[in-house]
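Engineer: When you get a sec, could you build the whole thing from the sequences and use the hints?
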Amino acid sequence: METFADILLRAFALIAQGDPVLRGVVGLSLYVTLSATAIACAIGLPLGAVVGGTQFAGRGGVIIFLNALMGLPPVVVGLVVYLLLSASGPLGVLGLLYTPAAMIIAQTILITPIVAALTVQVTSDMHREYREQFRSMGVGRLARIGALMWDARLALVPVALAGFGRAVAEVGAVMIVGGNINHVTRVMTTSIALETSKGNLELALALGIVLLLIALLVNAAVMTLRSASVRAAYA
Amino acid sequence: MREPANIIRADFGGTLLETRGLTYRADGTRFVDDVSLRLREGRITTILGPNGAGKSLLLRLIHGLIAPTSGDVIWNGRSLDAPARAAQAMVFQRPVMMRRSVAGNLRFALKVKGVPRHARAAQVEALLTKAGLQDMATRPARLLSGGEQQKLAIVRATIGAPRMLMLDEPTANLDPSATRAVETLVQDVQTQGTTVVMVTHDQGQAKRLAQDVAFLQSGRLAEAGPAARLLTEPQSRPMKAWLDGELYVD
Ligand SMILES: Nc1ncnc2c1ncn2[C@@H]1O[C@H](COP(=O)(O)OP(=O)(O)OP(=O)(O)O)[C@@H](O)[C@H]1O
Ligand SMILES: [Mg+2]
Numbered sequence: 000m001e002t003f004a005d006i007l008l009r010a011f012a013l014i015a016q017g018d019p020v021l022r023g024v025v026g027l028s029l030y031v032t033l034s035a036t037a038i039a040c041a042i043g044l045p046l047g048a049v050v051g052g053t054q055f056a057g058r059g060g061v062i063i064f065l066n067a068l069m070g071l072p073p074v075v076v077g078l079v080v081y082l083l084l085s086a087s088g089p090l091g092v093l094g095l096l097y098t099p100a101a102m103i104i105a106q107t108i109l110i111t112p113i114v115a116a117l118t119v120q121v122t123s124d125m126h127r128e129y130r131e132q133f134r135s136m137g138v139g140r141l142a143r144i145g146a147l148m149w150d151a152r153l154a155l156v157p158v159a160l161a162g163f164g165r166a167v168a169e170v171g172a173v174m175i176v177g178g179n180i181n182h183v184t185r186v187m188t189t190s191i192a193l194e195t196s197k198g199n200l201e202l203a204l205a206l207g208i209v210l211l212l213i214a215l216l217v218n219a220a221v222m223t224l225r226s227a228s229v230r231a232a233y234a
Numbered sequence: 000m001r002e003p004a005n006i007i008r009a010d011f012g013g014t015l016l017e018t019r020g021l022t023y024r025a026d027g028t029r030f031v032d033d034v035s036l037r038l039r040e041g042r043i044t045t046i047l048g049p050n051g052a053g054k055s056l057l058l059r060l061i062h063g064l065i066a067p068t069s070g071d072v073i074w075n076g077r078s079l080d081a082p083a084r085a086a087q088a089m090v091f092q093r094p095v096m097m098r099r100s101v102a103g104n105l106r107f108a109l110k111v112k113g114v115p116r117h118a119r120a121a122q123v124e125a126l127l128t129k130a131g132l133q134d135m136a137t138r139p140a141r142l143l144s145g146g147e148q149q150k151l152a153i154v155r156a157t158i159g160a161p162r163m164l165m166l167d168e169p170t171a172n173l174d175p176s177a178t179r180a181v182e183t184l185v186q187d188v189q190t191q192g193t194t195v196v197m198v199t200h201d202q203g204q205a206k207r208l209a210q211d212v213a214f215l216q217s218g219r220l221a222e223a224g225p226a227a228r229l230l231t232e233p234q235s236r237p238m239k240a241w242l243d244g245e246l247y248v249d
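Chains A and B are the protein sequences, given in the same order. Note that the first sequence ends on residue 234 in numbering that gives the first Met the number 0; no numbers are left out. Note that the second sequence ends on residue 249 in numbering that gives the first Met the number 0; no numbers are left out.
These aren't lab readings, by the way, just hints derived from the structure by calculation. Misleading hints may appear alongside valid ones.
Beyond 12 angstroms from chain B on every Cβ pair, some chain A residues (computed) [as the list claims (entries may be wrong)]:
| # | residue |
| --- | --- |
| 1 | PHE3 |
| 2 | GLY57 |
| 3 | LEU71 |
| 4 | LEU90 |
| 5 | GLY94 |
| 6 | PRO99 |
| 7 | ALA161 |
| 8 | ASN181 |
| 9 | HIS182 |
| 10 | ALA219 |
| 11 | ALA220 |
| 12 | MET222 |
| 13 | THR223 |
Which stretches of chain B does chain A cover? Using the computed rule of at least three CB atoms under 8 angstroms from a CB of chain A, they are [as the list claims (entries may be wrong)]:
| # | segment |
| --- | --- |
| 14 | 74-85 |
| 15 | 89-95 |
| 16 | 103-113 |
| 17 | 139-145 |
Values in this document were obtained by computation on a predicted structure and should not be read as measured data. Glycine included, C-beta positions come from ideal geometry on N, C-alpha and C.
Structural biologist: Right under this line is the structure:
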């Protein structure tokens, strides 16, 4: 009977050797999640800054809506994207189901509200402080949104990282729309689930360790940025 | 119900801005109460009065940042609109420093005022020199001392050559040399032809800088007129008491 220590040792060996299966899975995972994060930021950061830096009727409703979307269950997002992309669905002709693109779409939907809602928080606090000064100077709307995003930059990187962290660790949505196809749509989380059930514990554990390391790195980056921004009085 | 003291007619000098019966009420209290005041072009007017008299509120009303409950602000004979506000500038009681470097704060204001990119660097240099902040160009503005922030905020407010500059207690909490530096800046601004309105608690400062004085008490204009007269022979009880260093309670 293998002990946990044996498995752990072999898992580390897999990582140290740069096992090709492991590398393929980690690479695809990063490709999918970084793409989703980039798209979510391209949409969520400006959207959040517009809501955070503008007074308009229904603003409170928009914020409640975004906050509610933050808690979307991944499997529900997966199901909806599946229905959209499946052969009989409205976007079926694109043939995206069970491709990395489908996973990117699902993760983007999952984390855009997170990026947007956190951006609203950061920029509306700042806007409260800048508002009168901006009105006094006659800063136009576009310049105002741009300035809020720029001045909040150190606080917005952690926002992007929060989105990344949520997407990279998520299983349900990518499992449904990606199908967990070997060499095609198998990412870290879905591989861990599969390899564990197959009894291939060392690969599962190796992937788990990589995932953990990524989470650690992300958190370290957030902390470093936070203290940097406090040092520069940008918090 | 108007008391004569609230209707001040300074009949000399061009009026740049006039308030007529300006009133701001919130929660049933008149924080600014029926203030009619004329600010004359090219002069420095100081607004005096105890804490909570409504001085900062009056500046905000004059600048169009908040709408009065009743009464009017007349700028250059017309009502106060966006272009009128653009011709005014204000330094707030707590200066707002953007999360950028000292130079970055100036560059932003230059951009907003439409100064072309290639001309900005030279102007930033000139403004930093004027403020005595040459060595701090790259420091985060929010790490400057209170006095340095005031000086930066003042030169930033002069960008675009406003016709009127409003300063809300620019030297509260400053040491004598920083106060002198700020006063010199304010006088320079006036020399450039800008009309200055300045809130202060400092009698000496009013004497040194102001040509005109207005005294606020509990939201009402107790007295207004030429500094030379008001600071030596005040007519109203609150202002007399204030000059004597008493606490006036009505
Ligand atoms: N936007 C506002 N809405 C309601 N009340 C306000 C508002 N702004 C100020 N006030 C109130 O109006 C009063 C006058 O405030 P203001 O800031 O104008 O005083 P001030 O004369 O500038 O005092 P200080 O010398 O302490 O700066 C205060 O009691 C304040 O609470
Ligand atoms: Mg005040």
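Engineer: Hints the structure violates: just list their numbers, smallest first.
Structural biologist: none
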